[in-house]
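Engineer: Just so you know, the protein sequences line up as chains A and B, in that order. Letter by letter, the first sequence follows residues 9 to 243 of the numbering used here. Letter by letter, the second sequence follows residues 83 to 369 of the numbering used here.
Just so you know, these hints were derived from the structure itself, not from any lab. We put the beta carbon where it would ideally sit given N, CA and C, even for glycine. Incorrect hints may appear among the rest.
Unchecked claim - Computed spacing ranges between beta-carbons, pair by pair:
#: 1; chain 1: B; residue 1: Gly-159; chain 2: A; residue 2: Gly-172; range: 43 to 49 Å
#: 2; chain 1: A; residue 1: Ile-131; chain 2: B; residue 2: Arg-361; range: 32 to 38 Å
#: 3; chain 1: A; residue 1: Asp-23; chain 2: B; residue 2: Asp-198; range: 55 to 61 Å
#: 4; chain 1: B; residue 1: Pro-175; chain 2: A; residue 2: Gly-47; range: 31 to 37 Å
Claimed, not checked - Result set (DSS-like, lysine-lysine): computed pairs, CA atoms no more than 30 Å apart in a straight line:
#: 5; chain 1: A; residue 1: Lys-135; chain 2: B; residue 2: Lys-266
#: 6; chain 1: B; residue 1: Lys-162; chain 2: B; residue 2: Lys-266
#: 7; chain 1: B; residue 1: Lys-266; chain 2: A; residue 2: Lys-189
#: 8; chain 1: A; residue 1: Lys-189; chain 2: A; residue 2: Lys-135
#: 9; chain 1: A; residue 1: Lys-183; chain 2: B; residue 2: Lys-162
#: 10; chain 1: A; residue 1: Lys-115; chain 2: B; residue 2: Lys-266
#: 11; chain 1: A; residue 1: Lys-179; chain 2: A; residue 2: Lys-135
#: 12; chain 1: A; residue 1: Lys-179; chain 2: A; residue 2: Lys-189
Claimed, not checked - Among the chain B residues that face chain A by a calculated CB cut under 7 Å, a handful are:
#: 13; residue: Arg-167
#: 14; residue: Ala-249
#: 15; residue: Arg-251
#: 16; residue: Ala-252
#: 17; residue: Asp-255
#: 18; residue: Val-258
#: 19; residue: Thr-259
#: 20; residue: Ser-261
#: 21; residue: Leu-262
#: 22; residue: Met-263
#: 23; residue: Gly-264
#: 24; residue: Ile-265
#: 25; residue: Lys-266
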Amino acid sequence: MALLQTEGLTAHYGDFQALFGVDIALNEAEVVAIIGANGAGKTTLMRSISGVLRNAPSMVQFDGAVIGNQPADEIMAQGVAMVPEGRKLFPSLSVEENLLIGTYGRKTGGHWSLETIYDLFPILREKRNNPGTALSGGQQQMVAIGRALMSNPRVLLCDEISLGLAPVVIKDIYKAVPAIKAAGASLIVVEQDIGQAMAVADRVYCMMEGRVTLSGTPESLNREAIHDAYFGAAA
Amino acid sequence: MIWVDTIVQGILLGGLYALFAAGLSLVFGIMRLVNLAHGDLIVMGAYLILVLVTLLGLSPFIAVLVAMPLMFALGWGLQKFLLNRTLGDDILPPLLVTFGLSIVLQNALLEGFSADSQRLPTDALTTASVQLGSISLGVMPLLTFASAILVIVGLNQLFYRTSLGRAFRATSDDAVTASLMGIKPANIFAVATGIALIIVTIAALYLGLRSNFDPNIGPARLIYAFEAVIIGGLGSLWGTLIGGIIIGVAQTVGAAINPEWQILAGHIAFLVVLLIRPRGLFPRAHD
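This is chain B alone, in the form it adopts within the complex (with noise of 0.2 Å):
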């Protein structure tokens, strides 16, 4: 029995990198960026939430209700006056800028707010469990795993019953035609990133109430996105959830073997996806 609990833990855990991951993917998917500087992006929303929340006094769910379009108009603005101008033909500006840009965000983290770990203020809610037959899950892991459910089903029918979506896919296929369509590329983009880091700020939430963090721990959280992103295959948001499920169970059961197998474990897993289906378990059909 305690192998299933491991592995439901697992699976659990999978939905918290599944969030970190969904905002990369989506980014990734509609305008072939890597964003090095998403796993910053996260700390600093876990920041953010947690300035609003002792200076507002607010609980931390609401506080990530007014950070949602605070991250996203970061967002919009950073794509539209910053990435905007990397995109082109060549993949390395991209990189190159995104990468400086988590330097910046960690140094800055650092000068703002020291390099003491911090953590969201929890209320017995967030210690709560559930038993279930002889398993107990904790209420915040199954919060985590059904919010990263709903932002995929959320952003799935965003792109495919939307015109904003259908959009998205188009700009995504052939940017120059889309302007044909009257879609602005630098503006669909923007919005994008925008919805991104709305993502990244449900994700900060999660990352804050459920262990510590400090400025320096994004880039370790960018690692598990972006393998999360490559298992489940570039573009595909369904194949992303399995991803992280997988980095997820194989920390747990890794852990469960030797407590300094747990990281260890899930690039294992990584690696080993990698090896069998280059390409990611869910690929999409073109690129």
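Only chain A is shown next, with the shape it has when bound in the complex (with noise of 0.2 Å):
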């Protein structure tokens, strides 16, 4: 029984549709990686597990209850954390603030807290009584990394985390990786960087147009077959 799991997901926007049946797993200690192009469906996913989207209470899966009706704050504070796509930190909030208001519906022991995330991303120490929004982009994903750490949450779903970011900066924020699998949590990772999310993932899913177009161990896909699931096969 997989820790996290999506069954027959769909979503729509209005009248658009943007996923059409995806299943997919994550299993406890495992680092999952979903790649596509944009339009993929995969931050879509991303907002229906959270509990942003909802859904028909089956298509997700948590811990082997289903959470798939459930609103954000609820999904929340069983211990699933999301990155957002696009850091969204509150403006409002100095980097500490941002970091303490992760705990705000979920407050369980744990290893990370204020004390390790500084350890884990020094920067933030420094500039923890800045807005959250004076910062860099990498440090503003390091804080918006942290705030979702700080619920030591079972799932961190992070979307597009090196997105807009410099080269030598996502290597320094995917260097955080093996630390917050090893405080416990397993990861899904959505990457639009194939060579990222193969270097970081157990399992790769590649979604085009809303569907899961392929998945395996990185080892196991060759790049002609990403190539076809990511851009679709020449006709």
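These two chains come separately, so use the hints to put the complex back together.
Structural biologist: Encoded structure:
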């Protein structure tokens, strides 16, 4: 039994259907990457799992319970935290307050606290009293990840955490993944950068136009198959 | 010296307007909701205190403490079950619903208490004054002003020192992302309106102690409150106090020149500030 899974997940924005029966699974202590081009439905998938978009109950299952119809705050309280696309720091809050608010709905003991987050991203300790939005893009991303970790989640959803960042900064941020895993969280990482996804993940799903077109371990997937799954097979 | 006296009285009057305005400012700051029934809720609060004073024989200062939790519960329920349903991308539904609520409240008060004007019973304290040089300051206006400062300091502490305050600010920034933090925006809004109605109750106490009230004076209190909020800059609590003081001073100075000009002078001061600083004196950096 997977820790988190979707079953025939569909999602709509008004008349537009964004997901057509997506089945993915995340096992305990696993890192799963979801790759795909713009508009493939990756972010919609994250929004559905996290409860920002509501679905039929059985479409999302966590730890043996159906949660597809629960609102985001209830899902977060059970231990599924999200680093949203675009970081979405709260501009009215300082760096430290942005971190602290991560525990609002779930106060459980665990590895992650202000201190351990500052150890993971030391630059944030220096900038703790700055407004969150006064930081560089990479530092903001660290705050967004730290904010999600503060609740000591069992599942961490990372939506495009490398978007718009310089390669050297992306490397810095992905360096945190082993520590996050070691502290007991399983991860779903949404990535457009195939190389990065392959490097970090235990398993990969490739999405196109709202469907999963390919899945497997990084070793089992060859370049050509990924190319076809990512862009569609040439007619 | 008469001018100094006039201005000091105006500043103290500004405390009352800041009390009228603080709840409005709080609710607008957190959920972008303009509550057109705010003035009528203040009048309702005054009647509630009056009922408690009459029925239980309490002093108004004790009755206000009894009224506060009742008003909090009312605000919580009002937001949770009515106003939350009006919030969304469209700004019209909250305006229409609170406008309707204003009419309902006025008429309900009229049915229940008649159009006769009422006043909270005053004792020696409320007519006492202290002498400061050649200026004589009423204890009541001083208490009003001190309460306004306390309310604003208290709200600032709540906003910037507590977990609930962080949740208020985060929800105001971005309700969807706030829900990813485990915050239920609907509950945050309900608590905010509850707190706003606690402040309304304090405002109601001083309204009822300082002057007569009847069911129809709500909308005028709303205008003063609204002007104070706009002058101060939307979302700034200290700005709201400054806004109240500007209106208060303009009114007393206007009245000193010609008693007919009191109300007009306040509105003109508001228009002048809007002409010079359309976003108010202390606007928030981001909206």
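Engineer: Looking at the structure, which of the earlier hints fail to hold?
Structural biologist: 9, 13
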